[in-house]
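Turn these sequences into a full structure, and let the hints steer you where they fit.
Numbering of the sequence shown is given in my numbering, commencing with residue 1 and proceeding in unit increments.
Quick caveat, the hints were computed from the structure, so don't treat them as lab data.
Below are the BS3-like pairs computed for lysine-lysine, each with C-alpha atoms no more than 27 Å apart in a straight line:
#1 K36 to K52
#2 K27 to K66
#3 K36 to K66
#4 K36 to K67
#5 K27 to K52
#6 K27 to K47
#7 K66 to K47
#8 K67 to K47
#9 K27 to K67
#10 K36 to K47
Label pairs and their in silico Cβ distance ranges:
#11 P1 to G26: 32 to 40 Å
#12 E69 to L2: 42 to 50 Å
#13 K66 to T16: 18 to 26 Å
#14 T7 to K36: 26 to 34 Å
#15 L57 to H3: 33 to 41 Å
#16 F41 to D11: 20 to 28 Å
#17 A39 to F4: 34 to 42 Å
All residues carry an ideal CB built from backbone N, CA and C; glycine is no exception.
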Amino acid sequence: PLHFNYTVMGDAVNFTQRLESACPAGKVLIGTETSKLVADFFETELKNVPIKGTSELQTGFLIIGKKCEG
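And the structure:
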């Protein structure tokens, strides 16, 4: 069978890796655009995500629960 190796690069991939690293075990940490898409369904909490090698922070959102239907 054929086997392919893929490499993914870019700002979106780097930010996703930072979100993954900053996310507490068993939780979900998402970016700003994703938080807008799920705002009607989930409660979120702002979490600053450090950028390795700098003092900069990026914005992430920790999902803290499902919104009640009603």
